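Novice: Letter by letter, the chains look like this.
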Amino acid sequence: MAVANVRISVPSREAAGPPISEAPMVEIEHLSLWYGSKLALKDITMSVPKHRVTAFIGPSGCGKTTLLRCLNRMNDLVDGVRIAGTIRIGGTDVSDPALEVTELRKRVGMVFQKSNPFPKSIFENVAYGPRILGVRSRSDLDATVERSLRAAALWEEVADRLDDSALGLSGGQQQRLCIARAIAVEPDVLLMDEPCSALDPIATGRIEELMLELKASYTIVIVTHNMQQAARVSDYTGFMLLGELVEFGLTRELFTNPRDPRTEAYITGRFG
Amino acid sequence: MRLRLKGLELRGVKSGDAVDRLRREMTAQQDRYALHEGRVAELRAQQRSSVVVAADGGKQKELPLAQVVDAYRPNAMGPVAKSLAYAGNVWEFVADDPRESNTEGGVFPAIFGTVMMVLIMSVVVTPLGVLAAFYLREYARQGPFVSAVRIAVNNLAGVPSIVFGVFGVAFFIYVVGGTLDRLFYPGALPTPTFGTGGILWASLTLALLTVPVVIVATEEGLAAVPRGTREASLALGATKLETTLRVVLPAVMPSILTGLILAMARAAGEVAPLMITGVVKLAPALPIDSAWPFLHLDRKFMHLGFHIYDVGFQSPNVDAARPMVFATTLLLLLIVVLLNLAAMTLRNRLRRRYATGAI
Ligand SMILES: Nc1ncnc2c1ncn2[C@@H]1O[C@H](COP(=O)(O)OP(=O)(O)OP(=O)(O)O)[C@@H](O)[C@H]1O
Ligand SMILES: [Mg+2]
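Sequence order for the protein chains is A and B.
Start counting the first sequence at 1; every next residue gets the next number (the numbering used here).
Start counting the second sequence at 1; every next residue gets the next number (the numbering used here).
This is chain A alone, in the form it adopts within the complex:
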């Protein structure tokens, strides 16, 4: 379903769409976030269903990355951030200050918008997460590294140079390496911030296949600027604008029958 044959229909003015009936993995309630005095997320309430791919779209600077980083508490690292509201992942309240963030982050993996491999060998990059989890056996590590690199469509290209520096890879290869690194620890929830922005169509196709494979056992949240991609891989889509979650619902419905005129304007390309 491409953007071109989006039907224009009469929008209703409901805030974010009907509640989702599937079992939720991530529940966000009245989440607001300020960078200093600047409001970056405005009162977001939604839930991400388990074992589904959920996509966020929206113009640059609307707060997609910020929302994603709330889910694994990466915003804790930014000075001057204030957060209100609650987020529950798998039933546990992750906004609780007493929560072990390292435990949370082991369950909620993240692929960053800008690829950020470690200045280590390719092998060590992928093996880093398992090592943090306490895996010591070389054969286990070997197996994990190969499985993760295959899943990220990188194995064929790097199989014979696993000990070379990861910084010697091309930009797209580095991005796939970061994906391999994130899935090596088998998190429950995988957050992917524009994972395909540096990839060619073949690698992109491979990553999309991976997402469809992984959703059987993981919950995936993806941010993308590519609406065809959102339409292809996601089950649910949220449209964000200026820190607000304008519309959230089944991908099919959001693209074919958007209820908000702003969503419609954005997906038909008259906006942003």
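Just so you know, these hints were derived from the structure itself, not from any lab.
It is possible that part of the hints are untrue.
[To be verified] Under the rule of at most 16 Å between Cα atoms (straight-line distance), these lysine to aspartate or glutamate pairs were calculated in the EDC-like manner:
1) B/Lys240 <-> B/Glu138
2) A/Lys38 <-> A/Glu100
3) A/Lys50 <-> A/Asp188
4) A/Lys50 <-> A/Glu22
5) A/Lys114 <-> B/Glu231
6) B/Lys240 <-> A/Glu103
7) A/Lys215 <-> A/Asp79
8) B/Lys240 <-> A/Glu100
9) A/Lys50 <-> A/Asp79
10) A/Lys42 <-> A/Glu244
11) A/Lys42 <-> A/Glu29
12) B/Lys240 <-> A/Asp76
[Stated by the list, open to error] Per the computed footprint, the stretches of chain A lying under chain B, defined by three or more beta-carbons under 8 Å from a beta-carbon of chain B, are:
13) 67-78
14) 113-120
Please read all numbers here as calculations on a predicted model, not as lab measurements.
Glycine is no exception: its CB is placed at the ideal position from the N, C-alpha and C atoms.
Given chain A's structure and the hints, the job is docking chain B with the ligands onto it.
Specialist: Chain B with the ligands alone, transformed into the frame defined by chain A:
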């Protein structure tokens, strides 16, 4: 032995078996020493013979044989013999002890002292500087206090080195050394063990002198590690300490080594603070030898830089010592270059291993 006796006395034992035994042993040793001294004097007296050297132009000079160290006739030697003699001289210079109040012979103790001092300094300054830099940049709350510390560190790099020397004397030698002596070597007092200049104090003084260099280089390296790299580690569930040790530290290793290279270069050429913290014109023994505990950090030592000063400007016969000064200077430069080359090779190897950027 005298120390043990004194120790006993200090503990209030004035007589008894132990004291008597020690006294007797001491007398025996003194007798043996007197015997040897007598033998040496005898031998010296026997060395009456001398050679008469005839030079072109009919001049003759009588030299007592005891003063002749080495003799050869350059004009009668072929190229091979000449180069052999030359190599022998170089070897003597590098590997022998000095003679004739340093104006002849070799400079081996000075080489040894210089290298060892720089190594001790490196061992101290690296952890100190690296920990300080990591604390300042990674752990401390950025604020006026950290800025003040940073300014102070930068200023420290501009303080004249003799000031560090004075600090070394006042703090390390009198305070730390004096305390160590009182605590662990009360038997030797009033002769100080650590309460006087020594290679340890000189190295520590130099470590203070060069620590700003290491801090600044490490901080710059830390600033160059992208935020995303740290976040990637944290996002995988690593703690801050794990991130620091496993990701950040290896990434800044080349910068740390750069700082260390600069520190070593500075330390090897520094003389002023050493002159008051433990360098001597002629050290009776190397800081490492076969007597327990093998490493004598309290010993005074010789240093190439000071050797240049001493031979060139303090020796009784400055003109005769001139070649010695030049050769020593060359050697000091060579050692600095060698130390730097070693550190640079290591750094480049690390760089090649990690940072081949093609993004
Ligand atoms: N560390 C920060 N400090 C201050 N403001 C920030 C910070 N990070 C993001 N912002 C602001 O918050 C808003 C949302 O940023 P965010 O990175 O979430 O956008 P985004 O939707 O991911 O955009 P893009 O599609 O370009 O990646 C922007 O206006 C941005 O300027
Ligand atoms: Mg973003």
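Novice: Would you mind marking each hint as holding or not holding in the structure?
Specialist: Quick rundown of the hints versus the structure:
Distance hint between B/Lys240 and B/Glu138 is fulfilled; the C-alpha atoms sit about 9 Å from each other, no more than 16 Å. About 28 Å separates the Cα atoms of A/Lys38 and A/Glu100, which puts this hinted pair outside 16 Å; it is violated. For a cut-off of 16 Å, the pair hint linking A/Lys50 to A/Asp188 stands: about 9 Å separates their Cα positions. Distance restraint check for A/Lys50 and A/Glu22: the Cα-Cα separation of roughly 7 Å lies within the 16 Å cut-off, and the hinted pair is therefore satisfied.
Of the pairs offered as hints, the one joining A/Lys114 and B/Glu231 holds, with about 11 Å between alpha carbons and a cut-off of 16 Å not exceeded. As the CA atoms of B/Lys240 and A/Glu103 are separated by approximately 13 Å, the hinted pair is consistent with the 16 Å bound. About 34 Å separates the Cα atoms of A/Lys215 and A/Asp79, which puts this hinted pair outside 16 Å; it is violated. Our distance criterion of 16 Å between C-alpha atoms is met by B/Lys240 and A/Glu100, whose separation comes to about 13 Å.
Note on A/Lys50 and A/Asp79: the hinted pairing is violated, with a Cα-Cα distance of about 32 Å set against a maximum of 16 Å. Using a Cα cut-off of 16 Å, the hinted pair A/Lys42 and A/Glu244 holds, with the two alpha carbons roughly 5 Å apart. At roughly 11 Å between alpha-carbon atoms, A/Lys42 and A/Glu29 fall within 16 Å of each other, so this suggested pair holds. A hinted pair counts as satisfied when its Cα atoms are at most 16 Å apart, and B/Lys240 with A/Asp76 qualifies at roughly 13 Å.
Evaluation of the coverage hint for the stretch 67-78 of chain A: fulfilled, as 3 residues show C-beta separations to chain B shorter than 8 Å, against a requirement of three. Note: the stretch 113-120 of chain A has 6 residues with beta-carbon separation from chain B under 8 Å; the three-residue rule is met and the coverage holds.
In the structure shown, a violation is registered for the earlier hints numbered 2, 7, 9, in ascending order.
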